[in-house]
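K.L.:
Each chain, letter by letter, is given below.
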Amino acid sequence: MSALVTSTERLQRLLTLVPYVVSRRVVGLTETAAAFGIKERDLVDDLNLLWCVELRSPDPYCPIDLSYEGGEIMVSQAESIGRPLRLAVDEASALLVALRMLAEVPGIEDRSALTRLIAKLEAAAGEAAAASAQLAVQVDIHNGDGYADQIRQALEQGRRLHLRYYVPGRDEATERDVDPMRLLVVEGRPYLEGYCLRAEGVRLFRLDRVLSLTVLDTPAALPSDVEHVDVDAGLFRPSEADVQVTIELSPAGRWVAEYYPCESVAELPDGRLRVVLRTPDTGLVRRLALRLGEDGKVVSPASLVAEVREAANAALANYA
Amino acid sequence: MSKRKTERLLGLVVCLLSTRRYLTAEQIRAAVPGYPEGEDVFKRMFERDKEDLRDLGVPLETGLNNPFDEEAGYRIRQQAYELPELHLAADEAAVLGLAARVWQRAELAGAAAGALLKLRASGAENSVDVPAQPDIEPRLGTPEPAFGPLWEAVRDRRPVRFEYRAAGRSAPQRRELEPWGVVNRRGRWYVAGWDRARQATRVFRLSRIAGPVKFSGQPGTVTVPPGTDVRELVKDWDSAPATEHTAVLRVRSGAGVGLRRGAATVTDGAAPGWDEVTTRYGDVGWFADYAASFGADVVVLEPPDLREAVIARLKGALT
Numbered sequence: 069m070s071a072l073v074t075s076t077e078r079l080q081r082l083l084t085l086v087p088y089v090v091s092r093r094v095v096g097l098t099e100t101a102a103a104f105g106i107k108e109r110d111l112v113d114d115l116n117l118l119w120c121v122e123l124r125s126p127d128p129y130c131p132i133d134l135s136y137e138g139g140e141i142m143v144s145q146a147e148s149i150g151r152p153l154r155l156a157v158d159e160a161s162a163l164l165v166a167l168r169m170l171a172e173v174p175g176i177e178d179r180s181a182l183t184r185l186i187a188k189l190e191a192a193a194g195e196a197a198a199a200s201a202q203l204a205v206q207v208d209i210h211n212g213d214g215y216a217d218q219i220r221q222a223l224e225q226g227r228r229l230h231l232r233y234y235v236p237g238r239d240e241a242t243e244r245d246v247d248p249m250r251l252l253v254v255e256g257r258p259y260l261e262g263y264c265l266r267a268e269g270v271r272l273f274r275l276d277r278v279l280s281l282t283v284l285d286t287p288a289a290l291p292s293d294v295e296h297v298d299v300d301a302g303l304f305r306p307s308e309a310d311v312q313v314t315i316e317l318s319p320a321g322r323w324v325a326e327y328y329p330c331e332s333v334a335e336l337p338d339g340r341l342r343v344v345l346r347t348p349d350t351g352l353v354r355r356l357a358l359r360l361g362e363d364g365k366v367v368s369p370a371s372l373v374a375e376v377r378e379a380a381n382a383a384l385a386n387y388a
Numbered sequence: 019m020s021k022r023k024t025e026r027l028l029g030l031v032v033c034l035l036s037t038r039r040y041l042t043a044e045q046i047r048a049a050v051p052g053y054p055e056g057e058d059v060f061k062r063m064f065e066r067d068k069e070d071l072r073d074l075g076v077p078l079e080t081g082l083n084n085p086f087d088e089e090a091g092y093r094i095r096q097q098a099y100e101l102p103e104l105h106l107a108a109d110e111a112a113v114l115g116l117a118a119r120v121w122q123r124a125e126l127a128g129a130a131a132g133a134l135l136k137l138r139a140s141g142a143e144n145s146v147d148v149p150a151q152p153d154i155e156p157r158l159g160t161p162e163p164a165f166g167p168l169w170e171a172v173r174d175r176r177p178v179r180f181e182y183r184a185a186g187r188s189a190p191q192r193r194e195l196e197p198w199g200v201v202n203r204r205g206r207w208y209v210a211g212w213d214r215a216r217q218a219t220r221v222f223r224l225s226r227i228a229g230p231v232k233f234s235g236q237p238g239t240v241t242v243p244p245g246t247d248v249r250e251l252v253k254d255w256d257s258a259p260a261t262e263h264t265a266v267l268r269v270r271s272g273a274g275v276g277l278r279r280g281a282a283t284v285t286d287g288a289a290p291g292w293d294e295v296t297t298r299y300g301d302v303g304w305f306a307d308y309a310a311s312f313g314a315d316v317v318v319l320e321p322p323d324l325r326e327a328v329i330a331r332l333k334g335a336l337t
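Residue numbers (the working numbering), protein chains in the order written: chain A, 69 to 388; chain B, 19 to 337.
Hints in this document: simulated from the structure, not taken from any laboratory.
Check each hint, because a few of them may be wrong.
What the hints assert, rightly or not - Below, computed lysine-lysine pairings styled on DSSO-like, alpha-carbon distance capped at 30 Å: (1) 253(B) <-> 232(B); (2) 21(B) <-> 188(A); (3) 107(A) <-> 23(B); (4) 21(B) <-> 107(A).
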């Protein structure tokens with residue numbers, strides 16, 4: 069048993085475990101342990117604990133009777149805890165907020181199921197649902213909407229896509245064929261995950277940077293060893309080959325630390341920051357430095373410091 | 019974790035669910051094994067147990083069986099305790115499975131998993147089974163440490179205190195807020211509410227909160243004004259100003275792809291090697307930064323204040 073589970077957390081599990089078994093009449097130990105995300109040994113401990121509960125009224129009796137012979141659990145007597153406890157405020161909110169977010173995701177075709185489910189959960193959660201209205205999620209959908217529908221269509225039909233895609237680091241419109249894998253919505257933004265034939269690898273494309281998109285007649289042909297991006301590990305993992313850049317920011321330039329994934333962020337006097345980030349494309353940092361002006365100084369590498377100066381001088385020459 | 023405590027709490031729940039009459043603390047002590055002999059120790063333990071049950075969402079009621087009783091008793095009404103019956107169609111179950119994945123590894127992930135288990139335990143779905151790789155994957159992250167305490171404060175209607183570093187400020191300032199709601203807009207978390215010191219509605223970005231968020235009052239002491247729409251508050255705060263100015267730019271042929279996307283007009287070949295682009299903007303400072311980022315590929319012709327701002331930015335990059 070994990071030492072991190074508190075008595076109340078375990079109580080919560082027990083109060084869910086009984087109705088879980090009751091509603092299924094008979095259910096396997098292995099299957100149940102998997103559903104609760106615990107080891108079979110811990111599940112047996114839970115069942116023994118339930119079976120041992122004793123009340124005196126005034127003579128001692130055992131309110132719960134169960135067996136798990138041959139790996140099959142059966143609850144023959146569940147007294148008053150045969151139904152699960154109502155959803156707590158956090159639980160109702162977690163689901164309702166997630167569902168309302170789904171309703172905003174472009175390309176979701178099951179809107180009627182979403183609406184019905186939200187209504188059912190709100191009814192079942194009763195008062196606990198009220199707080200969820202104070203937790204709101206809005207998905208960024210500008211420019212992405214129509215594309216998301218086309219991407220869903222390509223995914224369903226297994227077709228290849230052609231993209232004109234904007235790369236801000238190089239201020240370039242690129243043309244590429246992509247075999248779509250998934251539509252992701254991470255940190256409020258929709259992305260296409262796909263195998264880019266030009267880059268010969270899995271890439272993420274922000275839908276708001278898609279300049280145009282065509283569903284091709286060509287069937288998608290994903291390489292057999294293609295791997296999904298691990299969404300939960302963070303979308304942007306710098307590679308060792310990336311250039312390490314140090315920038316010093318004034319208070320007005322601190323937003324950089326919020327917008328770009330930084331390797332390190334150190335406070336300097338007077339509200340200034342020193343950030344270290346990695347980039348595969350120094351062009352992106354050069355643009356950032358021009359945009360920041362005196363609010364952000366590239367400190368290293370020296371080659372990039374020179375590059376920024378050169379770019380600023382060239383730009384100023386236009387105004388001379 | 020203590021097994022004895024879990025046993026005692028479980029006994030307490032079953033005992034209070036099984037009674038129609040209110041049971042006094044003494045009657046409960048007689049019925050539920052595991053409470054200590056000493057009066058004071060018992061009282062303290064019983065108080066904690068009641069609190070633990072309420073934290074789990076168990077609707078513990080207090081009341082008198084008849085008006086002449088001297089001591090209040092406790093019970094749990096079956097109807098208030100039970101999750102109502104819920105029947106889900108197959109498509110609803112599929113959507114539920116997707117929703118439960120949204121918070122993966124974020125603050126409310128445990129709550130979402132707990133809710134899903136309860137729904138499974140109610141038999142509402144025997145078929146919530148999401149394919150291992152659905153072709154759509156929405157995720158919500160809560161990387162800001164302020165999310166947890168602020169959500170609790172909103173849920174429990176408690177005021178909070180925190181240090182906040184407003185954009186461009188060199189030092190954080192203390193804020194005291196009656197939080198009305200937490201909003202994720204375009205991937206960023208915000209809290210909206212009543213700023214006590216400034217006596218005004220305010221919106222704060224969670225990533226700019228420095229240090230811990232502390233409760234500065236009891237639960238139930240914050241009132242959200244009727245009709246408050248926290249989403250709208252954040253939207254108003256976050257929205258770019260109306261695009262009331264027009265810029266006239268020279269953009270090098272083939273460059274400035276990002277700028278051209280939002281352009282009002284593009285005249286190709288206005289000068290050899292250059293196109294003329296007009297575009298609308300709201301904030302001079304913001305647009306000057308943006309135009310400067312294109313370096314020698316973009317030249318501002320009009321208006322003069324924008325031109326000066328871009329030149330200042332570029333000179334700033336040389337200092």
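K.L.:
Each hint should be assessed against the structure and marked as holding or not.
P.N.:
Results for each hint:
Taking the CA atoms of residue 253(B) and residue 232(B), the gap is near 26 Å; set against the 30 Å cutoff, the hint holds. Proximity of residue 21(B) to residue 188(A) is assessed by CA-CA distance (about 36 Å); at most 30 Å being required, the pair is judged violated. Among the hinted pairs, residue 107(A) with residue 23(B) is consistent with the structure: their alpha-carbon atoms are about 21 Å apart, no more than 30 Å. For a cut-off of 30 Å, the pair hint linking residue 21(B) to residue 107(A) stands: about 17 Å separates their Cα positions.
Checked against the numbered hints above, the structure violates only hint 2.
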